[in-house]
Every structure is written in C-alpha cells, then in structure tokens.
Amino acid sequence: MTATLVIFFSIAAVLLLLLVWSLRAPGKSSGAKFDLASLEESGRRHATYFALIRQASSPADMEFLARRGSRQIAVRVRRERRRVALVYLSQLRDDFKRLLRLARAVAALSPAVGSRQELERLWLSWQFSCRYHLIRAGIYNGLLPIPQLGSLSHVVSQLAVQMENSMKELGERAAMAVRMASTLDGNGVDVA
Amino acid sequence: MATMPPLLVLLWVISGIVQLSVLFLVFAKHHFRALPLFTIYVAFNLCQAAFLLFVYTHFGFLSPAARQMYWISEPLALTAQALAATELLYLLFRHYPGIWALTWRLVAAASTIVIAYAAASARTQPTWSLLIANRGYHLTFAVALVCSLLLVRSYAIPVDPVYKALLGGFCVFSCTVVAANTLLEVLFLSRFPKSGEIWNYIEMVVFIGVQMAWAAALRHPVAADYKPALFPPSTYERMSPEVNSRLRALNDVLSKFLRLQVLRP
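As you go down the protein sequences, you meet chains A and B in turn. End of the first sequence = 191 in numbering that gives the first Met the number 0, gap-free, step of one. End of the second sequence = 264 in numbering that gives the first Met the number 0, gap-free, step of one.
Just chain B, same shape as in the assembly:
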C-alpha cells in the first residue's frame, strides 16, 4: 500500500464504507429476496476490494503482479454486474412477455454490433487490448441497458424508483468507464504525468457516487408487484396491422399536405 497515493487510499476507505452500507440495506430492507443476483454482485465487489487490498499490500500497488491479479478478478466482477442488471431488467419485463422478447432481440442486435467493433479494435492495438476489451464490455452493457430502458419508456412499463436508481447507477458507471479508459489511453500516449492516477480517481469518485445513490434508493421498499392481465394472442395479431394501416393513412395525409405546398408556385 506504500505506493498507493493517500487520496486514493481515502477513496478506497469511503468506497468500502458505502458498499458495506449498500449491502446492509439490501439485507435490512429485505431486497435480497427479490434481488439475489444484485446482492451477490454487491458482496462480490466487497470481496474483490478485500482481495485487491491484500494483493496491493503484498506486491505493491504498481507491481506487474498486482496488475495481473486485478485483470484476473475483473471478468468475474463484470459477469456479476451483467447478471445483476439482467435480473433487474427481468423484474421490469417479467409480466410483459411480448416486450421482454422484443427487448432481447434488440439487445442481442445492439450487443453484437458493439462487441464486433470492440473485438476488432482490441486486435489492432494488442498492448491496449485489455483496456479496450474492458471499454467494449462497458459500452455494450450501457448500450443494451439504454435500449431496454427506451423500450420501457416507449411501452409505458411501470418502473419502481428503486429499480430506476439501480439501473441508472449501472449505466452511469459504465459510461464513466468508457470515457475514463479512453482518457487513460490518450493521456498515457501523450506522456501526461500521473495518467493512471487520474483514471483511478475518476472511476473511484463515480463508483462512490453510484453506491451512495443506490444506498439512498435502497432505504425504501419496492412497491407491491403489479401483474397486468394479458390480452389473448389473437388481439395483437388482429389489431396491430390495423393500427399500422391507420398510421400509414395519417402519414399519407401529411405527405400529400407537404407535396402540395412544395409544388405550389
């Protein structure tokens, strides 16, 4: 820990306290029943912090061994994050099977594009491949989350404020990682002093902010589950094409409106 800057140590301590508060609230307010994977994610984050503390104490903060250990533990944390977010999305969509299926298709399509791009750019810069892969993961994660939330808004699916805070926190943190990783690459290549520290500070400060927002949200219980009554499958099959044809007709009115105006001398 001797090589770790004092400000970063302070941020680590604060982060540890806030994460413990989140874990405490998850259990105290019985959120763990509805959110088992999220509970595992929070607990895993704390375990990862403890593991890295041990590694930094024994090998030094800037040692190659510490870096290697960090990157070994990171995929596990990212997997836990993806599972926790999927669990939250499932809770939002579980009573809306049609929209849930649509969301999966959209998320799969968006993720494929982003992953393909991330893989291609990681291959072109082998020295930065881990950082680029990490950025690619967070970019995919954020894009998938935003796509899902856009569908939630579009179809007016009710979302409890607790879930909103949790999903928002995940997305804010992932966007920060995307920006921070890019900044680190640029600063390092332009030989900017202490670029690694800046990267650490940005990620830690945002991570603490997200954890604090989560702690504030998790103080409240999740509202009672609302299960809407579904239509029979034939309703959509009959009504959707009809509504679309009406929408097309209204569109045609505007189109003719516009064409007449443009053609007028």
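In isolation and in its complexed conformation, chain A is listed as follows:
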C-alpha cells in the first residue's frame, strides 16, 4: 500500500514539475510571434574552427614545455587547453541547437509533419545531450585527457565545410519559404 502511495505521489509530482517547466516562458519564445531571424543566419559554423583547435592542442607544445619550461607554465597551459576544449564543445552544442531551432520552426510552420522525423530528432537531441555532458564532465574534472583532436581532423573538417554550406542553404531556403508563404497568405511573418 505504501508503495502505491509513493508511486502515485511521485507520478503526480513529476507531472507537476513538467507542467511548471513547460509553462515557464523560455526567453522570448513566449512572445506572440516566431523569431525567424535565426533562419537566415549565415555566420561561420563553429565546426570550421577545428583546425585552430587542433593547433592549440598540439602534443608537441606540451612536450616542449615539459622539457624546457617551468612546471607552473605547463600547468597553466594544460588548464588553458582544457578551457579551449570546453569552449569548443559548447560551440558545437550551439551549432546543434541552432539546427534544432531551425528544424522546429520549419515543423511548426508546416501543414504536415512526420512522426518518424520528429522522433528521430528527439532521439538525436537526447544522444547529443548525454554525450556532451559526459565529455564535458570528463574534461572539466580532469578524468578524461584532452583529446588528440588531430585524429578527428579529417572527419570534422569535412563536416565543417558541409555544415557551413548546408546551414546557409537551409537558412536561405527557410527564409524564402517564409517570404513566399507570407506573399500567398497576405499575412506578414515577423522575421525581424
């Protein structure tokens, strides 16, 4: 009997927490209109900075410092490298979030959406979030070494170019679709 009480009280509490979270205004999104400005953003994707990050984490520098420099400098450099890796990670997450926002805006403004596509996106978001937090916690606490980014160079530089082009293309296409729909509908959409 006590188990029943605990189970149902927990379910009610979880539902109330989810209710509060879902009704809480997420920044400006509770406003009356969609912010479609981000669809047209064509700024550099963070994945394109991979070459610089790789250079910044070159193991040769560390070996040189360990040989010639003081211990203090080596510690400071290691700390700085960790910071750079963390910043890079969070920028990758920003890229991911921007893509998600784009996908959600397109889904919300489409007359029909596919459950499979939306579920896949949910699954990908969950996966990304888990991996991101795992890597971040590992690097932050020094449990995981700063990765040999060089090994990833090929994958990421390829992706960076694709991302750069496709994000720009997708954003332009979405913005064009907004403009077309606005013209057909005679109803302005706020893209400011």
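Nothing false has been slipped in among the hints.
The calculated lysine-lysine pairs, modelled on BS3-like cross-linking and capped at a C-alpha distance of 30 Å, are:
| id | chain 1 | residue 1 | chain 2 | residue 2 |
| --- | --- | --- | --- | --- |
| 1 | B | K226 | A | K96 |
| 2 | B | K163 | B | K226 |
| 3 | B | K163 | B | K28 |
| 4 | A | K96 | B | K163 |
| 5 | B | K28 | B | K226 |
| 6 | A | K96 | B | K255 |
In silico contact screen, one side only, chain A against chain B (beta carbon under 8 Å); selected entries:
| id | residue |
| --- | --- |
| 7 | T3 |
| 8 | L4 |
| 9 | F7 |
| 10 | I10 |
| 11 | L17 |
| 12 | S21 |
| 13 | R103 |
| 14 | V105 |
| 15 | L108 |
| 16 | S114 |
| 17 | Q126 |
| 18 | Y131 |
What the hints contain is simulated information worked out from the structure, not anything from laboratory work. All C-beta atoms, glycine included, are put in the ideal place defined by N, C-alpha and C.
With chain A's structure known, arrange chain B on it following the hints.
Just chain B now, with coordinates in the frame of chain A:
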C-alpha cells in the same frame, strides 16, 4: 447537510462564490465567445454543486444514495472537463496543423497506455473500482495535457497567459485527484479516522485555489489572435531529412570525441 462537517460546508460556500466569480468573468470579459465549452464546464460545475447540495440535504451527506448520485453526476463533469481542455488545446494549435496532428498521435498513444493500466488495476480491486477509474481518468488527463504542453514548449508555440492559467489549473487539479484518491485508499485500508473528510478537504482546497487562479487570469482579455503564414508542404519534406542528417553528423563528432578519449591509455 446535518452530517456534513462545518469546515466542509464553509469550503462549499467559498467554492460556490469563486465559481460564480469565474462564470461572471467569463461573460463579463467576453471569454465565452472563444471558449464556449469552457463556459459550459464552469456552468456545469455549478449545476453539479447545486444538485449535490439538494441530494445531501434530502438523503444525508454520508448516505449510500448521496454517494450513488455523486458518482452518477461525476462522469458528466469529467466529460465537460475533457471537452473544455480539448477546446483550449485546439485554440493553441489551430494555426499549426502539423503539430496539432503530432499532438493527437502522442496524446492517443500516452492515453492508451494509461487507460489500459487503469482498467487493469480497477479490475483487480472491484470494491475500489470507481475510485481507481476516477484516478485513471485524471492520470490520463494530466499525462495528455503535459504531453501537449511539452510539445507547445518544444516548438515554441505562443500561448496566451490566460490559456496557460486555465490549462495549468486543469492539470494541477487532476494531479491532486490522483494523489488524493491514492491517499484515501491507503488511509481507509489502514483504518485511519476521518479519511473521507481528509480526501474531501484536499480536493476542495485545491479546487478553490485553481478557481481563484482562473478568476485572476480571466480578468484579462486574450491577446489578439496571431496567424502565422505556413510553408508549402514540400519545405518540410525537403528540409527535415537534411537537418536530421546534419544533426547526426554533429552527433558522430561527439561520439568519435568520446571514443578517442575512452580508448586513450
């Protein structure tokens, strides 16, 4: 009414006054035009209260006849509640047909699971079947509402504060009923004195709180309707798979990042 505890009578009076205020505001602020089913729900609640007052006066608060009448009137109130909440959800999603269809699928799937569980547990305890069925209804209702609101947040669909208050109130009350019904069952079986009264107090206090929040929200008008321009259907068909493939690629970067770190000596 002689057998009804004085505190409960007081709560009934307060509840009646607050419900009348809500009904008054619905008409005075012209919400009834946009929310006809919600108006019927509020009016029905008042009618149910009047009907039960009559029943309790004639048959006694704790009489089997009063209990029977209560359970006869309850499904009608629950139907009115479901219709009112559906109306509110429709108002949120009506300009977003794609997400509305997605919401229906999600709500149907979630409801089927909860209803199947409620039906199975009601069958195992026939003496408590009405209470368990009632709890199952409110659980289904709350799960469906929360699922819909999660989609609203996820797709950044704008929600007027008035609708937020109304939907939030429905969900809070349903969660309370789930907890209160479970508590009543546990307290009754452990022979706790006045378990029925405790159940009544909890539900009445929360119900009054919800009605007060509704009254506060309904003082304000609903903001002018915003109708977004929709994309042609081909936009989603072309863009969604592309975006997903980019998301997969970013995920792969993290996956490789992680694998390299784990494999390093």
